[in-house]
Amino acid sequence: MATKFPYSDLQSYLTTLEEAGELKRVSAPVDPTLEVTEIVNRVIAEDGPALLFENPTRGEMPIAINLFSTLERTALAFGVDDLNEIGDRIGELAKPELPVGWAGVRDGLGKLMQLKSVPPKKVRKAPCQEVVYRGDEVDLNRLPGLQVWPGDGGIFHNFGLVHTKHPESAKRNVGLYRLQQHDERTLGLHWQIHKNSTSHYADAERRGDRLPVAIAIGPDPVMAYAATAPLPSDIDEYLFAGFLRGERVEMVDCLTVPLQVPATSQIVLEGWAEPGERLPEGPFGDHTGFYTPVEDFPYMHVETMTMRENPIYHSIITSAPPQEDYGLGKATERIFLPLLKVMIPDIVDYHLPESGGFHNCAIVSIDKKFPKHAQKVMNAIWGAHMMSLTKLIIVVDADCDVHDMREVAWRAFGNVDYSRDLQVGEGPVDHLDHASYQQFWGGKAGIDATAKFPTEGYTRGWPDMMTMTAAVKATVSDRWKEYGIDH
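Be aware that the sequence shown starts at 683, since it is given in our numbering, and climbs by one per residue.
If you are wondering where the hints come from, they were derived from the structure by calculation, not from laboratory data.
Treat the hints with caution; some may be incorrect.
[To be verified] Distance condition first, Cα-Cα at most 30 Å in a straight line; then the derived DSS-like pairs of lysine-lysine: (1) K803 / K853; (2) K877 / K803; (3) K877 / K1012; (4) K1050 / K1155; (5) K1012 / K1051; (6) K1023 / K1050; (7) K877 / K853.
Assemble the whole structure, with the sequences as input and the hints as a guide.
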């Protein structure tokens, strides 16, 4: 982690990308309806750069997109060389060891102070409020919102950080939800059943109260990521962002709702979700690769729009993999590994495949100690916060590289007797899951691809795996050039 977080805002991150040859400016006019999608998908298929569309044919500002589609750009966004560096920092803080002597106590307090030093701080003036539109001046068509797919229900804003707070505890939540533009002052709020904002609105509605909502578009990249992170409800996203940045996040009071937003955001939308109000939302071509159907969702009356003098609109394309959310998903995988290991110490490593949308499948390695150890881990994962939505868990031994899909497949196909090593059950699934026979819950499967013990009923004697001796490996490595083999 850099001694000082390198990006004060989205603009400074884009400048760094451009200097690194990771950003391409597109000066030709481009239509936010479908054309942006087609260009971005072609660029992602070739592992191409981030894009800045300088002249969209709708809206009044450039579009920044494809900022996180590679591990290199995502690491750059966090100010690190490797995403594992962040996980290592969290692992150090999460160590359950008791301090030894005064030095241990001092080190423990030092770690605590490191966390305490990064809560968000309030500022009085903010770049995101340089330009202010109120009431009838508000027009969402100033924003170059995207229609991503032909069957979409209209224009959507896909990277707005939605701020709410619980009507009783005042606990803040920041989440990333798609936002359908119903008209120039109304936004649909796709609050899925398992999300904290859903409970905020439900509790306000039961009280007969309207819920204040603020949407920030285009903060710095770490704050953008924090809105996607699967944090427990009692962990503030901006405390977490401050930890990731190594410095406090500057927040500013909204002008017309009792909420705060990142001061360096590009655009902020302020308004209210009234109790009992719903509008049909969708269809929407989502990361599943299918259109999600029309459902009724709450919506926001936008009363105030503020922005920087020269804002940049940040968005993202949704579709089946590969897509830009690859970097975001891998960041979550690496950052949260130490915390998952605190909850489930049996885990050595895990991999959330992009092709599984990062939640449909988890591949987990364990250092197997006792009969049915794999099944213990499966059930623990299904009880671990948002990992409860995982549909398929594959458990392998510690000597398997969970990131090598060939090796994982070899274990899952060859090390499994499916009459004994397959565990099937039911549980919650993602709101967007179209495969379950009813919404919100469905089938789960766990595959035990570990070597089996006699105490598990395997009496044939598990065979030794074929591996080359260290001596032969060393000899070949020393003489490799002599063989004249081009590898």
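Is the straight-line distance between the alpha-carbon of K877 and that of K853 30 Å or less? holds (14 Å)
Is the hinted pair K877 and K1012 satisfied, with a Cα-Cα distance of at most 30 Å? It holds: about 21 Å lies between the C-alpha atoms, which stays within 30 Å.
Going straight from one Cα to the other, do K803 and K853 come out at no more than 30 Å? holds (16 Å)
Pair hint outcome, K1023 versus K1050 [Cα-Cα no greater than 30 Å]: Judged against 30 Å, a Cα distance of about 15 Å means the pair holds.
Is it true that the CA of K877 sits at most 30 Å from the CA of K803? Holds: K877 and K803 sit about 26 Å apart, inside 30 Å.
30 Å Cα cutoff - pair K1050, K1155: holds (27 Å)
Within a Cα-Cα threshold of 30 Å, do K1012 and K1051 meet the stated pairing? Holds - the C-alpha atoms of K1051 and K1012 are around 29 Å apart, at most 30 Å.
Violated hints: none; the structure is consistent with every hint.
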